[in-house]
Amino acid sequence: MQEPFDLALIWAFIIGFGIIMYVLMDGFDLGVGILFPFAPDEESRDIMMNSVAPVWDGNETWLVLGGAGLLAAFPLVYSIFLPALYIGVFLLVAGLIFRGVAFEFRFKARTSRYLWNWAFAGGSTVATFAQGAVVGAYIQGFNTADGVFVGGPFDWLTPFTLLTGVGMLAGYTLLGSTWLILKTEGELQAWAYRLTTPLLLAVLVIFGVISVWTPFVDDLVRERWFSNLSVIWILPAFTLFFAYQIFRSVRNRAEGMPFVATIGLFVTTYLGLLVSRWPYVVPPEYTLWDAASAYNSQLFLLLGLLFVIPIVLAYTAWTYWVFRGKVRADAGYH
Amino acid sequence: MELDPVFLSRIQFAFVVSFHAIFPVFTIGLASFIAVLEGLAFKTRNPVWMKLSTFWTKVFAVVFGMGVVSGIVMSFQFGTNWSNFAQASANFLGPMLSYEVLTAFFLEAAFLGVLLFGRDKVPPGAHLASAILVATGTFISAFWILAANSWMQTPAGVELRDGMFHVVSWSEAIFSPSFPFRFMHMALASFLTGSFVVAGVSAWYLLRGREVEANRKALSMCLWLILFIAPAQAVVGDFHGLSTLEHQPMKVAAMEGHWETSGDVPLLLFAIPDQENQTNHFEIGIPNLASLILTHDWHGEIKGLEEVAPEEQPPVAVVFWAFRIMVGIGMLMVLFALAGLCLRAGGRYWRTRWFLQGLRGMSIAPFLAVLTGWFVTETGRAPWLVYGLMTQAEAVTPSLTGGMALFTLIGYVVVYAMVFTAGVYYLMRVLFVGLEDPHAEDAVESDRPARPLSAAHVPFEIDDDAHGNPVNQGGH
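So the sequences go chain by chain: A and B. Anchor point for the first sequence: position 114 equals 114 in our numbering, and the numbering is continuous, going up by one each time. Anchor point for the second sequence: position 203 equals 203 in our numbering, and the numbering is continuous, going up by one each time.
Pulled out of the complex, with its shape left as it was, chain B reads as follows (with noise of 0.2 Å):
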C-alpha cells in the first residue's frame, strides 16, 4: 500500500493538536475561575475560597505544565510536515505566532510564578492581580491562535504575489469574518470546560462527604455559571453557523449531510452519509427546520454538496456526526444546568445523588464536544487549508515521503501515550487527594518559581501508609 504523505501529515497533526487542545480549553476557563476565587478570598477573607483557590491551583499548575509541553510540538509542525504553508502564510502567520509568544507566554510564565509560590512572599493585592494576569494571558494566547485559525477558514486582508500571502491590511487579516464567531464561541467553550471540570470534581467529592462546605459552594458558583453559558453558547453557536453558511457554505452542508441543493431541507438527526454515492442512508429528520435555522425561512434554500466536484467535498461522514455530537453534547449541558436550577429550591442540588452522579460523568462533556467541535471546522475545511486560496495537497512538505510522515506519527503516538499517561496519572492522584491538605505542618518548604506542576505537592506513587485509607475524612 502507498502511503499518503497528506493523509498521514493531516492524521499526525489532528493526533498533535487534538492532544495539544484539551489542555488550553480547560486552563482557560480555570484560570478566570481562580482569578474569581482569589478576588473572593481578598474581599471577604473566608478561608474556604483560599482552601479552594490553592487547591484548584495546583490542578492548574499540572495541567498547564502539559499544555506547555505539548505546546513545544506545536510550533514546529507547520515547518516539517506543511512547509509549502509555512512558506506561502509566513508573512501573516510568522507574526501572529510570534506575537503570542510574546504577549502571552512570557506573561503566563511571569506571573504563574508568583501565582503558584508566592502567597506568603507577596502581598495579598499582587497575588491577586498574578491571578488576573494569568487569567488574561491564557485569553491573550486564544486571541492570537484563533485570528490564526480563522484567518485560515475565512482568509481576509492579503494579497498572494510570487506564492506568498502579502498582508495588505492587518486589521481585516487578524479580524477576518469568522473571527469574533470563533473568539466568543471558544472562550465560552472554555468556560464551559472549567465549570463542568469543577462542578463533575465538586459532585465527586460532596459524594463521599469531603469538605463539604467548600465544595457545594464551588458547584454552586458553576452551576450559576452554566446556566447563563450553556445557553449562551448555543446563540453563539448558532451565529457562528450562519456566519459558516455565509463564508464556507459546503462546511455547513457536510454539516447537515445535504447534497442536493434545494429548499424545505430537514433537519437531520440521524444518517449513514455515503460520499460514493452522493447520497444519505436511513435519514431521520425534521421536515423544514435546518431550512427554518439557517435562513430563518420555513422553505429557505440551501446549497448542497453537489455545487462542487467530489473531491472537492470534505469528508461528509466525519462532519456530519462531530457536529451531531458536539451539538448533543452542549444539549445535555442545557438539561444539567435546567436541573440545577430546578434544584436550588430547598438547596437539594448538592444533596440529589442522581444529580451528581450525573455530574460526574459530565465532567468529560466538554472536551468531548470542544474536540469534535474542532473536527467539525477543521474537516470541513477540507480540501482547503487556507479557505479557497490553497489545498492541504499544495501545502504539505515536498519532501516528505509516506514513511518519514508514518515514524514520526507513531514516534509521537508513542511520546505522548508515556508521558500523559503519566500526567493524567499524577493527575488523578492531585483530584483523590483533594483539598484537605495532608502536609499541613510540613511548613517548611521553600519552593521556587516558574515550575508548573511544582505547586502541586503529592506524591507521585500512593503512600505506603495511607494505603486504603488515602484520605482523612474531612482533615485534620
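Next comes chain A alone, as it looks inside the complex (with noise of 0.2 Å):
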C-alpha cells in the first residue's frame, strides 16, 4: 500500500530539528558548567549559574522528548545507538544528573559550595565529552547484522571519536563563552571576551582536523564529498564567515553577534555534517526509511505533536523573554 505522505521523511525534519535545538540550548549551558572552575572568583560563579538557571531544565525535557520521540519515528537508531554506546550513554546520564542536582544543592550550601562546584562542573564536560563521541561514532557508523548491534563494548571509543568528544568541549565552551558576553557585564564580561578568541580558534583547528579525517574514516562521506565538490564547499565557507564574524565582533565588543554567530557556525557544520551522511541514520547499513517505525504509529505521535509542540515553544519563548537583558549577583538566590 502507499501511503498518502512520506512520514518518515517528515519525522528526519522533526527529529534532526529537535536534535540542534537541544544542541544549540543545552550547549550554552554545558559550557557554561565547563568554564566554571576557571571563573575569576565565586561571584562570578554565581551569575555564571544564575545566567543559565532559569533554563537549563527546559533544555533537558527536550533531550528526554528525543529519547522517547527516537524511539517512537526511528527504534532502530534507538536500539542501536543505545547498545553501541552503553557506557557513554551511562557517563552521560551520571554527568548530568551531578550537573542537574549541583543546580539546586550549591546556592543552598556554604561550606560544602566547592563540592557542587565540582559536580557541575565536571558533570557538565563528561555530559559534552559523551555526546561529542556520540557524533564521532555516528560519522564512524556501527558493526551490525540484521537489525542488531553486534561490536564490541568500547567501539565508540577510538581516537577519531575521542576527538570529536574534545572537539565538543572546545564548541561547547565558546557558546557558553559568548553566552556569557550577551549576559553579563563589566570584569565577568571582559573575562568572557578575553577567552573567547583563543576558544573560536581551538574549535576551528580541531573541527579542521575532523573534516579532514572524516573522509579517511568513511568511504561514503569520501566518495560524496570529492563527487560534489562544486557545491561542497559552501558550508565550509559559510562556517569560515561565522568565525570571522565572531572574531569581528568579539574585537569590537559586541555583545549579541558573538553568540549569534557562534550558532551559525554550530548550525553550518551540524548541516555539513547531515549533508555528508544523508540519509544513512544509522551508517553505512540503515538509511531513514530502514529505521522507521510503522505508518500508523508515526502518524499517531505526528498528531499529537503538531497541536503540543507550538504550546510548548511559545512557554520556552516566553522563559526566555521572561529573563532576558543581563544578570546580577544578587538577582539569584541567598
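Honestly, the hints are just simulated from the structure, not real lab data. Among these hints, one or two may not hold up.
Stated by the list, open to error - Distance ranges between label pairs, derived from CB positions:
| no. | chain 1 | residue 1 | chain 2 | residue 2 | range |
| --- | --- | --- | --- | --- | --- |
| 1 | B | 235 | A | 9 | 50 to 56 Å |
| 2 | B | 15 | A | 306 | 36 to 42 Å |
| 3 | A | 306 | B | 45 | 53 to 59 Å |
| 4 | B | 432 | A | 40 | 35 to 41 Å |
| 5 | B | 15 | A | 43 | 38 to 44 Å |
| 6 | A | 306 | B | 307 | 46 to 52 Å |
| 7 | B | 424 | A | 220 | 50 to 56 Å |
| 8 | A | 289 | B | 411 | 33 to 39 Å |
| 9 | B | 364 | A | 118 | 30 to 36 Å |
| 10 | B | 15 | A | 248 | 50 to 56 Å |
Unchecked claim - Residues from chain A that keep clear of chain B, each with C-beta distances beyond 12 Å, as calculated:
| no. | residue |
| --- | --- |
| 11 | 24 |
| 12 | 150 |
| 13 | 195 |
| 14 | 248 |
Even for Gly, the Cβ is constructed at its ideal location relative to N, Cα and C.
Two independent chains are provided; combine them into the complex using the hints.
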C-alpha cells in the first residue's frame, strides 16, 4: 500500500530539528559548566549559574523528548545507538544527574559549596564529552547484523571519537563564553571576551582536523565529498564566515553578535554533517526509511506533536523573554 | 562465576525504577493535596491554608526535582539494556512515552514555575489554576506510563509481524484489560502515600507542639481521606486480583504460593516457598479462604504453578512475600484509619501521643507498600516481558555482556547513593525547619521559574547560629 505522505521524511526533519535545538540550548549551559572552575571568583560563578538557571531543565526536557521521539519514530536508531554507546550513555546520564543536582544545591550550600562546584563542572564536562563521542561514533558507523548491534563495548571510543569529544568540549565552551558575553557585564564579561578568541581558534583547529580526518574514516563520505566538490565548499565557507564574524565582533566588543555567530557556526557544521551522511541514520547500513517505525505509529504521534509543540515553543520563548537582559549576582538566590 | 546480563539488567532496572518510582508516587498525591489547599486558601482567605500550601509546595519542589533527575535515566534504560524489546515494541511504546513527555512533562514544567514562584506575580486565580494543572499533569503522566506497563502485562490491540508489534487498535492497546485496575490502584496508592506522609509529618510537628492549628487541620484532612481511601484501595485491589487471575493466572498462583491445581485452597498467612522442590514449607493458612476470595466460591478451583514448566514460573518466594508485605501494610492503614475515626470523639486524634507516634512511623509505610506491590506485578510476570509474547531473555540487548551490565549497575548505585543521600538529607532539613518561616522579613528574594528545588529556601547545612535550637517555637 502506498502511503499518502512520506512520514519518515517528516519525522527525520522533526528529529533533526530537535537535535540542533537541544545542542544549541543545552550546549551553552553545558559550556558555562565547563568554564566554571576557571571563573575569576566565586561571585562570577554565582552570576554564571544564574544566567542559565531559569532555562536549563527545560532544555533537558528536550533530551528526554528526543529519546522518546527516537524510540517512536526511528526505533532502529534507538535500539542500535544505545547498546553501541552503552558505557558512553551511562557517563552522559551520570554527568547530567550531577550537574542537575548541583544547580539546585549549590545555592543552598555554604561550607560544602566547593563540592557542588566540582559536581557542576565535572558533570558538564563528562556529559559534553560523551555527546561529542556520540557524534564521532555516528560518523564512524556501527557494526550491525540483522538490525542488531554486534560490536564491542568500546567501539565508540577510538582516536577519532576522542577527537570529536574534545571538539564538542571546545564548541560548547565557545557557546558558553559567547553566552556570558551576552548575559553579563563588567569584569566577568571582560573575562569572557578574553576567552572567546583563543576558544574560537581551538574550535577551528579541531573542527578542521575532524573535517580532514572524516573522509578517511568513511568511504561513503569521501565519495560524496569529492564527487560534489562544486557545491560542497559552500557549508565550510559559511562556517568560516561565521568564525570571522565571531572574531570581528569580539574585537569590536559587540555583545550579541558573538553568540549569534557561534550559533551560525554550529548550524552550518551540523548541516555539513547531515549532508555528508544523508539519508543514513545508522551508517553504514540503514537509511531513515529502514529505521522508521510503522506508518500508523508515526502518524499517531505526529498528530499530537503538531498540536502540542507550538504551545511548548511558545512557553520556552516566553521564559527566555521573561529573563532577558543582564544577570547580576544578587538577582538569584541567597 | 559467569555474569548473566539478563539477571543483571533485571536488577539494574529494578533498582533505577524503584528509586524513581518513590518520587512520583508521592508527588502525584501531594500535588492534589496542594491544589486542595490552594483552593481552600482561595475560597476562605484563611492564612492557615496559605501557610500549609507554601510549606508543602517546598517539599513538593524537592521531591519533584529528584523525580525529574532520576527520570532521565529511565528514558534510556529500554535502549541500553533491553534493545530487542525496544525495537519490537517501539510502534506502541514509543508513542506512549513521547505522549507522556509532550502532554505531561511540559505541562508540569510550565505551571510548576508559576506555582513555585508566581504567588506574588500572578492573580490568585491563576495561581490556583497552576496548582490544579500541575496536579493534572501528574495524573496524565501516570496515565501514559501505566498504559505502557499494562500493555506489557496484558497485551492487546497489536499483532506481531516480522518481529515487531504493529498496533491494529490504539484504543484496545492503550486501554488493555488490566489498565483500568492498575490506574485506579496506582491513583489510590498515590493518594494514600501523600496522605500518610502529610499525616506523619503533621503528627511529628504536633508532638513537638509546632504550628498546632495548621498541622491539626492538615492531619484532620488526611485522616478523613485515609478513612475512605484505605478501604477503597482494598476493594480495588481485590478487583485487580480477579483481573490478574483471568489474564495472568501464574502470577496469582505465585502470590498465593499455590503449586497444585485444586479446589478448597487455603489462604496462606505464612510459608516458605521452595521452588526447587515445587512445594511450601511451614505452611500456616486459613482453610478455603483463597478459593472464596478469588472465585467467590467456597470450593472454587484455582490453577497451580504446576500448570507450567518450572522455568516458566516466576520466582515464587519474591512474589509471595512481597504480596504479603503489601497487603499487611494495607491492613495497617485501614486500622489507622479506623483508630483516627474513633479518636475523633472529643478531638483526641491530635493529642493522643501513641496515635501520633504511630502515624510518624506510618509515613514510610506507603512507600514500602508501593514498592512491594510493583515487585509483585513485575516479578510475577517473569519470565515474560510482554506477557505470553516476549520473554526477558529474548528482550535483552544482544551485545550486552555481563561485565558491562555489572559496571553500569555499580555505577548507578554509586551515583544514586551520592545524589539521593544529599537529596533526602536536604528534604529532612526542609521538614526540620518546618512551617515557621525563619526568613519572613527577607522579602527581597527574586526567584526564577522552572527550578524545582529553588522554591525551598532552606540552607543545605544546619545554621551555626541556630545550631541546637534551629526552630523558633511558634514562629516570630
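Next item on the list: Return holds or violated for the Cβ distance of residue 424 (chain B) and residue 220 (chain A) against the range 50 to 56 Å.
Entry: Holds - the Cβ-Cβ distance for residue 424 (chain B) and residue 220 (chain A), about 51 Å, lies within 50 to 56 Å.
Check: residue 289 (chain A) and residue 411 (chain B), beta-carbon distance inside 33 to 39 Å?
Finding: Holds, since residue 289 (chain A) and residue 411 (chain B) (Cβ atoms, about 36 Å apart) stay within the stated range.
Item checked: Distal placement of residue 248 (chain A) relative to chain B, Cβ over 12 Å -> Since the minimum Cβ distance to chain B is about 33 Å, residue 248 (chain A) lies beyond 12 Å and the statement holds.
Item checked: chain B versus residue 24 (chain A) - minimum CB to CB distance exceeding 12 Å, so not interface -> 18 Å, holds
Notebook entry, point to check: Between residue 15 (chain B) and residue 248 (chain A), is the Cβ distance one that fits in 50 to 56 Å?
Noted result: 53 Å Cβ-Cβ, so the 50 to 56 Å window holds.
Next item on the list: Can you let me know if the beta-carbon spacing of residue 364 (chain B) and residue 118 (chain A) is within 30 to 36 Å?
Entry: Holds, at about 32 Å.
Item checked: 12 Å cut-off, C-beta based - residue 195 (chain A) kept clear of every residue in chain B -> Non-interface label on residue 195 (chain A) holds, nearest chain B Cβ at 26 Å vs cutoff 12 Å.
Item checked: Satisfaction of the hinted span 36 to 42 Å by the C-beta atoms belonging to residue 15 (chain B) and residue 306 (chain A) -> The hint (36 to 42 Å, Cβ to Cβ) holds, given that residue 15 (chain B) and residue 306 (chain A) are roughly 37 Å apart.
Item checked: Distal placement of residue 150 (chain A) relative to chain B, Cβ over 12 Å -> The claim is violated: residue 150 (chain A) sits with its nearest Cβ about 6 Å from chain B, within 12 Å.
Item checked: Verdict for residue 235 (chain B), residue 9 (chain A) (Cβ pair) under range 50 to 56 Å -> 51 Å, holds
Next item on the list: Could you say whether the range 53 to 59 Å given as a hint is met by the Cβ separation of residue 306 (chain A) and residue 45 (chain B)?
Entry: Taking Cβ atoms as reference, residue 306 (chain A) and residue 45 (chain B) lie about 43 Å apart, which means the hint is violated.
Next item on the list: Hint says 35 to 41 Å; check whether the CB-CB distance for residue 432 (chain B) and residue 40 (chain A) agrees.
Entry: For residue 40 (chain A) against residue 432 (chain B), whose Cβ atoms are near 36 Å apart, the range 35 to 41 Å holds.
The structure shown violates the earlier hints numbered 3 and 12.
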